[in-house]
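Protein chains in written order, with the numbering used here: chain C, 1 to 112; chain X, 1 to 114.
Treat the hints with caution; some may be incorrect.
Label-pair ranges, simulated between beta-carbon atoms [stated by the list, open to error]:
| id | chain 1 | residue 1 | chain 2 | residue 2 | range |
| --- | --- | --- | --- | --- | --- |
| 1 | X | Asn77 | C | Ala1 | 38 to 46 Å |
| 2 | X | Glu82 | C | Asp54 | 41 to 49 Å |
| 3 | X | Arg63 | C | Pro112 | 44 to 52 Å |
| 4 | X | Gln44 | C | Ser28 | 16 to 24 Å |
| 5 | X | Glu53 | C | Ser109 | 21 to 29 Å |
| 6 | X | Phe69 | C | Tyr61 | 31 to 39 Å |
| 7 | C | Leu56 | X | Thr9 | 34 to 42 Å |
| 8 | X | Leu114 | C | Gln10 | 26 to 34 Å |
| 9 | X | Glu51 | C | Pro112 | 47 to 55 Å |
| 10 | C | Asn30 | X | Ser65 | 30 to 38 Å |
| 11 | X | Glu53 | C | Lys77 | 13 to 21 Å |
| 12 | X | Asn56 | C | Asp54 | 26 to 34 Å |
| 13 | X | Gly16 | C | Ser60 | 39 to 47 Å |
Residues from chain X that keep clear of chain C, each with C-beta distances beyond 10 Å, as calculated [said to hold, decoys possible]:
| id | residue |
| --- | --- |
| 14 | Ser7 |
| 15 | Gln17 |
| 16 | Arg22 |
| 17 | Ile26 |
| 18 | Asn56 |
| 19 | Pro70 |
| 20 | Arg110 |
No lab work stands behind these hints: they were computed from the structure. Virtual Cβ for every residue (Gly too), placed ideally from N, Cα, C.
Next come the chains, spelled out residue by residue.
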Amino acid sequence: AQSVAQPEDQVNVAEGNPLTVKCTYSVSGNPYLFWYVQYPNRGLQFLLKYITGDNLVKGSYGFEAEFNKSRTSFHLKTPSALVSDSALYFCALDNYGQNFVFGPGTRLSVLP
Amino acid sequence: EAGVTQSPTHLIKTRGQQATLRCSPISGHTSVYWYQQALGLGLQFLLWYDEGEERNRGNFPPRFSGRQFPNYSSELNVNALELEDSALYLCASSLLGQGIGELFFGEGSRLTVL
């Protein structure tokens, strides 16, 4: 069965420092992977996706993610965190159009 | 272009009542997904509709039901409400056929069961 894991419930980082939010997945076949962000009391906003091609995917708000097939990972990164990046981040897997499988979420706190 | 819209924004019900939540997808999107997000928790998949048909269903009891109308808007009904149904209900749409398109989410409907 397809699944997504986000091993960290909470990530704290100082403003201006690089950050990584981790995601690993399990799927048979080629994965379609996504990152979403959720601000308090809001819906989810799409950040970026990996379908095929270059393993480094660039997305919105200065975020990027690196697909690593051998490690079955799709970690989200930014070189310099902003206080405004503080939010809940979800990694997701498209189950061949059947439904999206979301990870449990990682709460990011960027400290000024 | 209008995004995914959901109504009502907030809904307060008492245990045993019924709740109806509505969702209008982005114009041209044929698929609508419903998710439940309980406070502090992740997203739990409820239902997926496409072209008026229920395509997939999550692990929820039958009192959670819905439908999709010919204009692709959708309704989620929750019967015999229980306290643990209190949650943010998120609707998302996508253009199935792209097959690998992202989901576009509405702002959600917050249901409180007293």
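We went through each hint and held it up to the structure:
One distance hint, 38 to 46 Å for the beta-carbon pair asparagine 77 of chain X and alanine 1 of chain C, is violated here, with the actual separation near 28 Å. For glutamate 82 of chain X and aspartate 54 of chain C, the hinted distance range of 41 to 49 Å is satisfied, since their beta carbons lie about 47 Å from each other. Range check, arginine 63 of chain X to proline 112 of chain C: Cβ separation about 46 Å, and the 44 to 52 Å hint holds. Between glutamine 44 of chain X and serine 28 of chain C the C-beta distance comes to about 23 Å, which sits within the given range of 16 to 24 Å.
Glutamate 53 of chain X and serine 109 of chain C have their C-beta atoms about 42 Å apart, which leaves the hinted 21 to 29 Å range violated. A hinted range of 31 to 39 Å for the beta carbons of phenylalanine 69 of chain X and tyrosine 61 of chain C is consistent with their spacing of about 35 Å. Checked against the hint of 34 to 42 Å, the pair leucine 56 of chain C and threonine 9 of chain X passes, with Cβ atoms roughly 38 Å apart. For the hinted restraint 26 to 34 Å between leucine 114 of chain X and glutamine 10 of chain C, the CB-CB distance of approximately 31 Å keeps it satisfied.
Distance hint for glutamate 51 of chain X and proline 112 of chain C: a CB-CB separation of about 49 Å, consistent with the stated range 47 to 55 Å. One distance hint, 30 to 38 Å for the beta-carbon pair asparagine 30 of chain C and serine 65 of chain X, holds here, with the actual separation near 34 Å. Here the CB-CB span from glutamate 53 of chain X to lysine 77 of chain C is close to 39 Å, at odds with the stated 13 to 21 Å. About 31 Å separates the C-beta atoms of asparagine 56 of chain X and aspartate 54 of chain C, a value consistent with the hinted range of 26 to 34 Å.
Between glycine 16 of chain X and serine 60 of chain C the beta carbons are some 43 Å apart, a value that agrees with the proposed interval 39 to 47 Å. Taking the minimum C-beta to C-beta distance to chain C, about 13 Å, the non-interface status of serine 7 of chain X holds against the 10 Å cut. Remark: the non-interface label on glutamine 17 of chain X is consistent with the geometry, its nearest Cβ contact in chain C lying 23 Å away (cut-off 10 Å). Distance check on arginine 22 of chain X: its Cβ is at least 15 Å (rounded) from any Cβ of chain C, clearing the 10 Å threshold; non-interface status holds.
The Cβ of isoleucine 26 of chain X lies farther than 10 Å from every Cβ of chain C, with a closest approach of about 12 Å, so its non-interface assignment holds. With 10 Å as the threshold on Cβ separation, the claim that asparagine 56 of chain X sits away from chain C is violated: the shortest Cβ distance comes to roughly 5 Å. In this structure proline 70 of chain X is separated from chain C by more than 10 Å, as the shortest Cβ-Cβ distance comes to about 22 Å. A beta-carbon of chain C comes within 10 Å of the beta-carbon of arginine 110 of chain X; the shortest separation is about 8 Å.
In summary, the numbered hints that this structure violates are 1, 5, 11, 18, 20.
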